[in-house]
Structure formats: structure tokens, C-alpha cells
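Asks: Chains A and B, in that order, give the protein sequences. Under the numbering used here, the first residue of the first sequence is numbered 5, with each subsequent residue one higher. Under the numbering used here, the first residue of the second sequence is numbered 4, with each subsequent residue one higher.
For the record, the hints were derived by calculation from the structure and aren't laboratory data. It is possible that some hints are incorrect.
Said to hold, decoys possible - Just the calculated beta-carbon pair ranges, DEER-fashion: (1) A:S124 <-> B:T50: 27 to 37 Å; (2) B:T289 <-> A:D142: 14 to 24 Å; (3) A:A121 <-> B:D17: 28 to 38 Å; (4) B:R46 <-> A:A246: 42 to 52 Å; (5) A:A121 <-> B:E383: 46 to 56 Å; (6) A:A84 <-> B:K381: 54 to 64 Å.
For glycine and all other residues, C-beta sits at the position ideal for the given N, C-alpha and C.
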Amino acid sequence: MTSRINTAFANARSEGRGILGVFVTAGDPDRQTSEAILDALVDSKVDIVELGMPFSDPMADGPAIQAASLRALKNGMTLAGTLELARGFRQRHPDTPLVLMGYYNPIYIYGVDRFLADASDAGVDGLIIVDLPPEEDDELCEPAAEAGLDFIRLVTPTSNEKRLPVVLGSASGFVYYVAITGITGTRSAAADTISAAYKRISAVTDLPVVTGFGIRTPGQAGEAASLSDGAIVGSAVVEIIADTIGADGNGTPETVSKIAAFVGDLADGVAAAKG
Amino acid sequence: MTDVNLNSLRNQPDERGRFGMHGGRFVAETLMPLILQVESSYRAATTDADFARELAYYQTHYVGRPSPLYFAERLTAHYGGAKLYLKRDELNHTGAHKINNVLGQALLAKRMGKTKIIAETGAGQHGVATATACALFDMECEVFMGEEDVRRQKPNVDRMRLLGAKVHPVTSGTGTLKDAMNEALRYWVANAETHFYIIGTVAGPHPYPQMVRDFQSVIGKEARQQIMDAEGRLPDTIVACIGGGSNAMGLFHPFLDDEDVTIYGVEAAGKGIPSGLHAASLTGGTPGVLHGNRTYLLQDDDGQIIDAHSISAGLDYPGIGPEHSWLHDMKRVNYVSATDEEALDAFQLCSRLEGIIPALEPSHALSFVGTIIGDMDKDEIVILNMCGRGDKDLGAVLPMLEERGKL
């Protein structure tokens, strides 16, 4: 069976473009708004949805996504709640790939086997776990493969020639190229850096390679998607939530409409920059 | 514990950096190549006689090692039980044990050609030690410190600035040691190619827990020799306080295979374990993954980290070094706790009886000693690691003592 992730890349390729992935944190700013945001992403032609599992200590994230995690936790989001959001999303959107992204501890505490069973059952397609390098593959990567979930690897500018085969050996789904040496949402990568990295990574793997971290505008998204197989935008979307929440800390109608408009622009940017 | 000597407890971790189920390398991919490089450089340094010689030179002539093992006559008389010896690491240059580790890591950074240093600090002792080593070896120094700690440990902030370090107050989270470590790791991720991160305790990704322990083990090695010289035998009991656990690991490690030596690690119970406001990761926590290692953590049932609480900024951390977690699981070390109030009493007692103003951290350990030593025989021996001096704590302690009518 062709996976939803493979289908999404094949569809984009047939249109001569890269994919657009968008990251939002589950339950940010509140559960109901979060659900509406997820629907808006699909309506605005996002190819892959990345749903962040909130964590109190997100060590690879910049201020925007740290704040998103804290907003979600404060409003009661949990890993069980995240899986419920995922399940609802899958019922409403049977075809859009959904990837969970986050840190290992909440999964470890939830229980790896229980998490994998519940995530598969909810219709999750893949996992991106920031603090599980290949050295710790027996923790989650190997059991995830057995459960039929893709384990998406982050490749960074520090992943040298010796390191790349190690990182990509157990990768599946696609490869997430972290375009900057740094945390999310802080700075942007130069076009020639992305091209060079794309060549380096594609020499080692047949998986699609998408670019993320520091992509903030439709223009940058288009550029990154044309230089690789897609672009992922997170902080710039999450900042819209911070800017539009009400005094009670919950989302407003503006939260969803502004995200829909911005993500629509991102999708246009990616579609316009046919690689 | 009959098989202790057949199967040494002193050769952990394994090649994956595991102490039993604890430890490991749970970090972002950006840091992995660098961590592997630190590991191979450290391994090469440990077999290099020049490295050992250079470190020993600075330990002797700059830090003032060996630190004395002092028979605390008046405290011994006060408790009326076993003999109490204090391992005087508070006499080290910069006033705590932290410099033992920092010099080792700074020399390793130098070997690796790194001249920019990152550190996190809670009480500020590790920050001061790092700033000191950076001044000595002409390195740039950036210290991350929670803003709450910047406030309660101002003298150490001033010292760091005077020594040429840049202090970054951390406002994320609760503004304490855990958040300082998050920010230091984030900064390291962004500057992985140029900077060396000097972690201040026996935690973090492999090889840090092992490396920091090895550099701190000078405490236990000296204490072992010194007690043999003074008493002709090993101690019955050794005690140290635990935040992340570096001074404790340094004292304990050389004694782990001596099954007749009873070992106590004293965590900070804050306002009491039942209150939930404490920093006792082993007594009140469960295993989880944070800051690059698996270890006991204070966390809720969703795996979110809970803030620690302690009167002592140096113990105010929701985790603990993975080797302690392992020693706890195998019951080789007894992990106990002391509250803020108990530490405050011991702080004052030690000042009055011995003329030694202890840091709040070892005051926790002394407080626990007070609960067992009176019932021990007079010819038994207890060694307590006096891992830091209390000058830095006066600003916090004096108002509390006055408020309680104790001063």
C-alpha cells in the first residue's frame, strides 16, 4: 500500500513542485482553535501537517515554539489529548499525511508500545523526535518501524559525510533537512547552502528531502521547495497564534482566518516556484 | 552486596554511555557529531601523560589541591557519636569543588582547539569556576543563568563579570538551573562548530556524566588516602549533598567497591517531600529523559518536567546524574533528603562550632549527618564532603535567620 506521505510527494511532483509542510503545536492556543487551525491548513492546500506534541522543555526550539508549547500545556493539552486531535483530524481528512513532532520524554512516560499502538490507530503517518539520534534507535525508531510508522530523520549542517549514512540508515518517509545550525525560527539559510545540502543528502538516500527551520515567507518557502523536495514552515505560523489570542489566552476567529490566509500565500509561493 | 568486588561498580558506563538503563545520548542531531568528537578527544586525553601532568599541575598550584581532610572536633563533640571528618573542597580556589571539573574540561577544549566556552550555572559556583578557567586560558566565556538565580546569587554574577565572562540571564520557564541548561543547549546547537560546552555536573549526554565524574574523583581519591594516613583504615560512612550530583560522585566513586563503606547522598527536600516543593529527584521522581540522558526526574504523569524547589540554588534541579540513578536502583548508595529549614540550622551550627561557613548545599549533607552520627560508635568514622563555602549564600541566609530570631 502506498503511504499517504509517498502519495503527497508523488502528487506534488506531478504538478512540478515541492511539498509544503506546516507545523503547529497540538492544543495551541486551545483545543477547539487547534482543531479549526488543522482544518484550515488542509483547506489552504498544505501537503503534510506536522503536529507538535507539547513539552515543557523543548531544547531545540526557539522562543515562538517554546511559547506555543507552554500555551498548549497551560490549556490542558497532554499527549493523550494530542492523539485525540490526531484521530479527529484523520476522520475529517482521510488523505492528508499527519506527522507528530516533539521530544521523547512524554512518549517514554506514556509508554512506547501503547503510544505506537494509539498513534497508528489514530491514523498518524510518521514521527519526528528531535532528541532521538540513531544511537538510540532501539528506544523508538525500531519499534515504530514495526508498527508501520515512518521515522523521519533530521539532517543538519553538522551531519558530515561520515555521519550521513548513520543518520539515514534507519530513516523512512522523508528526510527533514534542518537548514541552519540552530534552533527553530531564528535565522534563514542561503539558497546555495540548501542546494549543496540537497545534493549531499540525495547522494546517500532515495527518500525525498524537505527543508525547514528559518523559513518565514512565501518567497523563502518557494525557494526552499524548488531547491529541495519541499519546505516546512513552523515558527512564522505559530507567531500568528501568539499575535491573535484573546485576553483569556484562547484563540479568536482572527487566529484561524489569519493562519488560513498566510498558509494560502505559502502554498501559492511553493506552487509558483516550480523547480 | 556480596558480589560487589567480583563485579566492580567502578567501570561504568558502557560504550553507549549507559549506567544500567540510565544515561545515553538523547540529543538533537546537530550536536551528535560534536558529542562524538568530545568523546573521542576525551578518550585520547585520558591515556595521554601530558594531559594528566598539565591537569595535576593546575590542580596543585592553581586550585590548591589536595584539599585537607579535617577532623571536625567540635562538631564531633556536639553530636557525641562517630568521628566526623570534613573533606575541605570549599578551600579550593573559587570556593567549591566545581573548579576540579572545569579545569579538566577547559584543558580538553584547548586540546580540541576550541577557544569559546559555554556553561550553565545555578548557584553560580560552576559559572565562576568556568569564568576563572577562561580567564586563565584566554578563552571567551558565556554563562547561562536563570534570572531568579541571578537575583539570589548576585555576588557570583559580579565575580563572573569581573572575570570577563558574559552572563546571559535566562527568563524562559521558571528562570532556574533547568532553564539555564535548556538555553545553554540551545546556544550550543546554534554554535556547535565553534563552542565547547563545559557542563557543570555529572549529567547530560554521554560522555559528560563519565567525564565530570572522572575529573571530580580527585576528591574521593584524596579522601581515601588521607583517611588511611590519619586513621589507618577506610571510613564507615561517607556523605555528600546532591543536586546534579558531581561533588557526590567525585567522593563516592573511589569507594564504590568498598562494601563496608556505607554511602549516603542527600537531596534537597525543600519545604518537605509531601509538599511537592522539593528537588529530590530520586526520593520523589521517576525515570525519564531530559537534557541528553535518562535519569530520575521530577515530572507529572504526562512526562512534563516539574519545577524543583530548594533554598539552595545549586540543588534546585529536577534531575540528577544518571550514575546516581543507577546506584539508587542497585541500592549501593542510600539516597536521603534534608529540608530547607534543616539545612539552615546546619549552616548556622557549622559556622558557630567550626568557624567554617558552609555553602547551603553541603549544609543539607551536614544536617543529615546530624541525624545518624550520634547513634554511631565513637570509634567509627564519617567523612562529609564540604563541597563549597557559604559566602555566596549570606544574602539569602541572613534575612532568614533574622526572621526566625536566630541571629
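Asks: None of the hints should be skipped; say for each whether it holds.
Replies: Do the hints match the structure? See the list:
1. A:S124 <-> B:T50: 27 to 37 Å: For T50 (chain B) against S124 (chain A), whose Cβ atoms are near 48 Å apart, the range 27 to 37 Å is violated.
2. B:T289 <-> A:D142: 14 to 24 Å: Roughly 21 Å apart at Cβ, these two residues keep to the hinted range, so it holds.
3. A:A121 <-> B:D17: 28 to 38 Å: Once the Cβ atoms are compared, 30 Å apart, the range 28 to 38 Å for D17 (chain B) and A121 (chain A) holds.
4. B:R46 <-> A:A246: 42 to 52 Å: holds, 45 Å
5. A:A121 <-> B:E383: 46 to 56 Å: holds, 55 Å
6. A:A84 <-> B:K381: 54 to 64 Å: With a Cβ separation near 58 Å, A84 (chain A) and K381 (chain B) satisfy 54 to 64 Å, so the hint holds.
Checked against the numbered hints above, the structure violates only hint 1.
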